[in-house]
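Undergrad: Sequence:
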Amino acid sequence: MAATLTFFKFDRVIQVDSLNNTQISVSVQDLVDEIRDYEDELDFMDYEKMMEATGKQDLGGGVTVGITLELINDWRLSFEARTALEGMTICTVTGGNLVATNQYSNNPIKATDFVQVTIAQSSSATIIEPPSDTNLLYLVESLRGSHASIGNVFYWDPTSGIDTNDGTTPAKATLTFAAAQTLAAAGNNDIIFALSTASSGITTVTETITITVPTLKLRGPGFPFQFVPGAGPTADTITISADSVEVSGFYIKSATGGTYDGISITAGSDNTLIKDCWISEATGNGINIPGGSITTRTVIDTCAIEDCTGDGINIGDFTTRAKIKQCILSGNDNGAVLAGSNSRDNIFENNLIFNNTTYGINIGTGVTRTGVRIHHTFADNGTGASDNVNDGGTDTFLESAGAVSDQNIVDIVDAVWDEVLTTGHTTTNSAAKILRDTKTRATLASLK
1 MAATLTFFKF DRVIQVDSLN NTQISVSVQD LVDEIRDYED ELDFMDYEKM
51 MEATGKQDLG GGVTVGITLE LINDWRLSFE ARTALEGMTI CTVTGGNLVA
101 TNQYSNNPIK ATDFVQVTIA QSSSATIIEP PSDTNLLYLV ESLRGSHASI
151 GNVFYWDPTS GIDTNDGTTP AKATLTFAAA QTLAAAGNND IIFALSTASS
201 GITTVTETIT ITVPTLKLRG PGFPFQFVPG AGPTADTITI SADSVEVSGF
251 YIKSATGGTY DGISITAGSD NTLIKDCWIS EATGNGINIP GGSITTRTVI
301 DTCAIEDCTG DGINIGDFTT RAKIKQCILS GNDNGAVLAG SNSRDNIFEN
351 NLIFNNTTYG INIGTGVTRT GVRIHHTFAD NGTGASDNVN DGGTDTFLES
401 AGAVSDQNIV DIVDAVWDEV LTTGHTTTNS AAKILRDTKT RATLASLK
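The UniProt record's numbering numbers the first residue of the sequence shown as 1 and each following residue consecutively.
Hints were generated in silico from the structure; no laboratory data involved. C-beta atoms are modelled at their ideal positions from N, C-alpha and C, and glycine is treated no differently. Errors might be hidden in some of the hints.
What the hints assert, rightly or not - Label-pair distances were calculated between CB atoms; the ranges are:
1) 391 x 159: 45 to 51 angstroms
2) 162 x 46: 56 to 62 angstroms
3) 166 x 395: 48 to 54 angstroms
4) 101 x 297: 57 to 63 angstroms
5) 379 x 256: 39 to 45 angstroms
6) 168 x 6: 50 to 56 angstroms
7) 6 x 73: 16 to 22 angstroms
8) 59 x 166: 37 to 43 angstroms
9) 9 x 63: 34 to 40 angstroms
Using the sequences plus the hints, can you model the full thing?
TA: What follows is the structure in structure tokens.
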């Protein structure tokens with residue numbers, strides 16, 4: 001049944017009549033119909049129009065846009081006042097959106113006694129801006145420890161992408177890396193996710209790529225995304241020619257028919273992170289930092305580099321503060337090579353280096369302050385154990401490997417006492433010996 005309304009022209013109020021407190025709801029559609037009928041009457045011809053209404057456009061599949069009714073020229077809606085005996089009555093406006101443009105703070109409802117009005121607004125035909133997730137992005141990326149990606153995110157899908165896409169979602173991914181890279185901004189810490197969507201489970205890319213945008217991060221899913229250039233290209237598989245670039249999560253081979261590296265870092269490209277990559281059968285070096293100008297703070301983390309014709313990792317002249325950690329270097333000419341009198345302060349930590357033809361780590365003449373720290377595992381490099389580390393450098397730090405023995409502990413304790421007291425703490429009946437034994441007994445008693 002259509003709503004029963006009363007129009008008060010002077011007050012510019014549209015009243016939903018009580019009908020003995022039986023009419024407690026009105027639909028937006030009824031309001032539109034009744035107001036249009038009233039506007040057509042002669043009694044209203046001397047007034048401006050009361051409303052604007054939009055909606056009901058067909059969206060297909062039997063779905064239409066919701067109605068939005070806007071009361072204008074200071075018209076408002078009210079529900080007829082109730083008495084104290086009738087008590088507080090809750091009335092509702094349903095079936096669409098009711099809004100107003102008026103002098104009453106754009107409130108479409110005029111208050112009446114003992115009536116509370118609820119407008120069940122529809123969200124149809126609205127545009128809602130989602131809240132920014134910037135804080136969450138910064139929080140998550142801060143957990144990485146380095147190379148945080150706090151810029152825009154783009155997607156590269158070599159299987160089903162389209163280069164004219166904007167790359168902002170997986171469904172709008174680009175086909176080539178070159179197209180995705182044009183979307184990124186220098187210094188913005190943008191990220192490109194490489195998608196593996198081939199039905200076989202392995203996405204293979206035959207192109208070689210060059211990263212030229214500073215702070216760009218290229219991240220893949222691991223083994224399912226493979227760079228296998230084959231015989232066609234005549235370049236290194238991935239060339240990094242910008243600062244603060246990250247490449248992580250790929251299986252990488254080099255082009256055949258020449259001498260090409262898996263990853264090459266152009267001289268002068270600082271703060272590179274190469275992580276979680278498996279580089280195999282490169283016809284040149286697995287990872288090459290050719291040198292020529294200062295290249296600093298390269299980090300190679302948790303990578304497997306194996307069966308390369310050249311070296312697993314080549315660190316050229318003018319390379320400083322590089323860190324190679326938790327990597328597997330196997331089946332290469334040398335596991336790693338450092339060369340040049342201007343290379344210094346490069347560190348190896350906790351790597352597994354085995355079965356390389358010449359040396360495990362080959363430190364060239366003039367290379368300064370190379371650190372080969374504890375927890376390395378060397379095996380079957382060159383012709384014997386002496387070929388695990390070939391040290392031709394200056395001030396090389398070779399930390400002993402293996403577990404800490406009981407004698408190591410004794411030696412450390414003695415050294416500490418030598419510093420605190422004198423070497424006499426081992427001499428029977430000496431004051432230093434008595435003091436040390438007393439301290440030891442007191443410590444053991446406290447532990448009990």
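Undergrad: Each of the hints needs a verdict: does it hold here or not?
TA: Results of checking the hints against the structure:
1. 391 x 159: 45 to 51 angstroms: This hint holds: roughly 48 angstroms between Cβ atoms.
2. 162 x 46: 56 to 62 angstroms: Holds: the Cβ-Cβ distance is about 60 angstroms, inside 56 to 62 angstroms.
3. 166 x 395: 48 to 54 angstroms: holds (53 angstroms)
4. 101 x 297: 57 to 63 angstroms: About 60 angstroms separates the Cβ atoms of residue 101 and residue 297, which means 57 to 63 angstroms holds.
5. 379 x 256: 39 to 45 angstroms: The hint (39 to 45 angstroms, Cβ to Cβ) is violated, given that residue 379 and residue 256 are roughly 29 angstroms apart.
6. 168 x 6: 50 to 56 angstroms: Distance hint for residue 168, residue 6 holds at roughly 53 angstroms.
7. 6 x 73: 16 to 22 angstroms: Since residue 6 and residue 73 have Cβ atoms about 18 angstroms apart, the given range 16 to 22 angstroms holds.
8. 59 x 166: 37 to 43 angstroms: With a Cβ separation near 24 angstroms, residue 59 and residue 166 fall outside 37 to 43 angstroms, so the hint is violated.
9. 9 x 63: 34 to 40 angstroms: Given a distance of about 38 angstroms, which is inside 34 to 40 angstroms, the answer is holds.
The structure fails to meet hints 5, 8 from the earlier list, while all remaining hints are met.
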